[in-house]
Amino acid sequence: MSDDHGHGHGDPNLAHHWDTMDQQVHAGKFGMWLFLSTEVLLFAGLFCAYCVYRGLHPEVFAEASKVLDWKLGALNTVILLISSFTMAMGVRAAQLGNRSQTSLMLVLTLCGAAGFMIVKGVEYTAKFEHGTIWAGHPGSVTGGYNYVPQTDREFAFPEDAAAAPAEGQEAHSDSKVAALLTASAEPSGIAVPAGAGVGLVPNRAAAPPPEGLAHGDHPRVTTAPKIQNMHIFFGIYFVMTGTHGLHVIIGGIAIVWVLIRNMRGDFTPKYNLPVDLVGLYWHLVDLIWIFLFPLLYLIHAEH
Amino acid sequence: MKDNYLTHSRGFLSWALTLDHKRIGLMYLVAVLSSFLVAGVMALMIRAEHLAPGAELVDADTYNRLMTLHGAIMVFLFIIPSIPGALGNFVLPIMLGAKDVAFPRLNLASFYLWIIGALIAVGSIAAGGVDGGWTFYTPYSLQDGRVGVIGMTMGVFILGFSSIFTGLNFVVTIHRLRPPGMTWFRMPLFLWGIYATALLQILATPVIGITMLLLIAERVLGIGIFDPALGGDPVLFQHFFWFYSHPAVYIMILPGLAIISELIATFSHKHIFGYSFIAFSSVAIAVFSFLVWGHHMFTSGMSPLAAMIFSALTYSVSIPTAVKIFNWLATMYKGSISFQTPMLYALAFIFLFTIGGLTGIFLGSLSTDVHLHDTYFVVAHFHYVMMGGTVIAMLGGLHYWWPKMTGRMYSEFWGIGCLLVFVGFNLTFFSQFLLGSLGMPRRYHTYAAEYQPIHMTSSIGSFILAAGLFVTLFYLVHSLFKGKLAPANPWGGATLEWHCSSPPPHDNFSVAPTVGDPYDYSDLSYDPQTGGWISKPGAHA
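Chains A and B, in that order, are what the protein sequence lines are. Per the working numbering, the first sequence starts with residue 1, numbered consecutively. Per the working numbering, the second sequence starts with residue 1, numbered consecutively.
Quick caveat, the hints were computed from the structure, so don't treat them as lab data. Heads up, the beta-carbon is just placed ideally off N, CA and C, and yes, glycines get one too. Certain hints may be false.
Said to hold, decoys possible - Not everything, but these chain B residues come out facing chain A in the computed CB check (under 8 Å):
1) Asp100
2) Phe103
3) Arg176
4) Thr211
5) Leu221
6) Gly222
7) Ile223
8) Gly224
9) Ile225
10) Asp233
11) Phe240
12) Arg408
Stated by the list, open to error - If you want the ones that stay clear, here's a sample from chain A, every Cβ over 12 Å from chain B, calculated:
13) Leu46
14) Trp70
15) Thr86
16) Gln101
17) Ile118
18) Leu295
Claimed, not checked - If we take Cβ atoms under 7 Å as the criterion, some of the chain B residues that face chain A in the derived model are:
19) Ala102
20) Val172
21) Ile202
22) Pro206
23) Val207
24) Gly231
25) Val235
26) Met456
Please construct the entire structure, taking both the sequences and the accompanying hints into account.
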């Protein structure tokens with residue numbers, strides 16, 4: 001295939017431009033650490049956006065954070081921590097040359113990745129059902145910042161929006177809104193005046209509750225939004241957790257790759273660099289979640 | 001010709017799947033120069049349009065797309081990967097006496113990422129193109145109908161990873177593959193420059209990656225981070241964008257500075273003056289580059305205190321830059337200078353880059369920036385730095401290493417193409433300093449009739465500049481077929497790449513070379529028989 005950038009040392013895993021395996025392994029690890037630093041900087045952009053918007057809207061963050069289920073977040077934290085442990089055990093087993101234990105540990109780590117994504121999926125589904133999502137999504141019920149669904153997004157003021165409501169999604173949004181309002185107003189005992197509380201375009205919230213959506217159908221919406229501009233938090237929430245989730249998936253694919261190579265018998269106590277590198281990546285994915293969890297789920301004062 | 005990296009294996013796949021850093025460097029060279037040609041033709045169309053004040057050649061929409069594509073292609077496809085990808089890939093491992101970069105597969109992958117990114121970015125033309133300038137400022141880039149932004153930003157995201165992987169490869173290579181005896185302070189200065197560049201590529205590029213992803217998410221989903229209509233902050237986009245794109249300016253210029261350090265020393269045949277100052281100034285520029293991004297936003301809304309701090313930090317970049325210039329001048333002082341083409345480019349660089357740097361002080365200064373912001377003065381300033389700096393340095397480096405890369409000498413006589421480039425460049429862009437200070441805004445399709453004489457001068461200059469570049473292209477390609485065979489060391493350089501034959505063999509060095517002082521020329525003497533420089537009889541081999 002390619003040119004004979006071959007291996008003149010006898011060891012098929014040692015590339016020709018290195019003298020010893022030690023050199024190659026050190027270079028590989030160094031490269032991985034540098035790559036991890038780029039990942040940190042990539043997320044740094046997101047954390048920076050988080051800081052800016054939390055600084056601008058502290059009350060929005062404190063309030064909107066309550067909508068997130070901290071128990072599911074904590075569960076995911078535990079899952080990822082355990083998977084980091086099994087990953088470390090897998091690396092150790094690979095270094096000792098214990099092939100079957102390496103495979104077992106990698107499979108357990110994969111289960112952790114899958115478990116994390118399932119819990120995340122449950123959380124996302126609930127968010128979409130309740131419309132507690134980013135502003136530009138047609139199903140968003142918290143979009144109230146000069147927000148008009150779907151059509152022209154430039155400089156639409158609430159008055160204009162009320163005067164000329166967009167077609168199509170309107171009925172859908174209204175029903176969500178009404179459901180949220182009715183559900184949140186009574187069980188928690190807080191009276192929310194129609195059209196004033198949720199930061200919606202005035203008079204949309206005054207629509208009658210739709211059929212089939214009686215009180216109590218959505219018990220979780222008792223923590224429904226009470227203040228304006230909650231979608232700012234959810235925009236950040238979805239971007240951060242979405243990017244992180246993407247990294248969990250990429251990490252999972254990488255684990256499958258080393259798992260296949262391990263079962264093929266590619267690794268020896270002398271050469272197990274890929275397991276090590278994937279391990280480093282997985283720990284970083286875990287570490288980022290450790291920061292995401294408190295910043296997104298635990299920032300409100302009481303529960 | 002004996003076996004070398006060009007003849008080592010044959011066939012399309014032996015190139016397309018090569019792991020040899022020299023071949024990858026050559027492929028990069030063809031790729032980035034093609035981008036330069038495409039974006040250069042766009043620049044010529046823009047200048048032709050400005051021969052007269054009205055809309056003669058292209059309509060306003062086409063003009064906006066041309067202007068945007070010219071900028072985006074030049075920045076993301078050409079200048080950023082140019083010197084590291086093409087010359088760096090070729091020269092860096094040989095300068096280290098190594099057989100290859102640390103991760104040859106990653107190196108090839110980053111080349112293909114470049115290809116994919118380039119196709120997607122340029123393919124955005126099919127989706128209507130991009131017309132808001134290469135900076136994609138929100139909320140304009142979010143408006144309806146500007147779908148091309150998605151393709152372009154996706155392309156930039158992928159090109160970013162190409163750049164990250166190149167930088168990562170170079171950092172690990174310099175750390176791990178230096179030969180015994182080559183301590184950090186016995187490295188050629190080219191490597192110091194590339195090293196500082198690579199650090200920036202690693203640390204700054206991920207931020208443009210996430211910014212582009214957020215912009216795409218904003219466009220496609222409306223996440224409300226940059227879109228003011230959804231509660232987002234468009235100035236935050238500018239901060240994110242320039243947090244990368246200012247260091248990116250140094251990703252572009254540091255390799256240029258690095259080449260000039262080699263050229264000045266070699267063609268003065270004199271030890272470089274102030275080695276460690278030049279080395280550290282590269283690192284200092286890299287560090288400062290992270291702290292000055294705010295000067296792009298003096299007029300976007302910023303607290304006076306922040307503006308003053310950014311302004312002061314911006315001035316401070318001139319210190320390490322001046323350190324380099326003065327050290328080069330001191331190197332030339334009492335040297336025995338040979339005015340061969342690479343040296344002509346090095347001298348042109350010092351002249352043009354100094355003008356570019358000094359006019360930057362006008363823009364970094366708060367009171368004058370308010371007047372000059374978004375005028376042709378800015379256009380002229382960054383063309384003096386980017387084209388007068390990086391492109392001229394790249395041309396110098398290309399001439400310098402051309403015999404090493406191709407095994408052929410080009411015709412020194414036609415080096416006068418450099419003169420055309422120099423004259424044409426100054427006509428084109430010095431006029432634009434005048435235009436800008438007279439109030440001509442940048443990016444405008446038409447202009448008031450009183451600007452016509454200066455606009456015309458600028459346009460005529462650009463045609464001379466283009467003629468010079470085509471002459472250069474012609475004689476370089478001509479040399480491939482008719483040039484005489486190059487000796488191992490045609491210029492009298494003392495860095496390791498001149499120790500191996502021209503072109504180098506597949507593995508660069510069969511025996512690891514002896515590492516000495518990279519700027520000690522006392523051992524070398526000119527050998528008229530081969531037309532190259534050889535070790536003096538009696539000196540060690």
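If any of the earlier hints don't hold here, list their numbers in rising order. Per hint list: 12, 13, 25, 26 violated.
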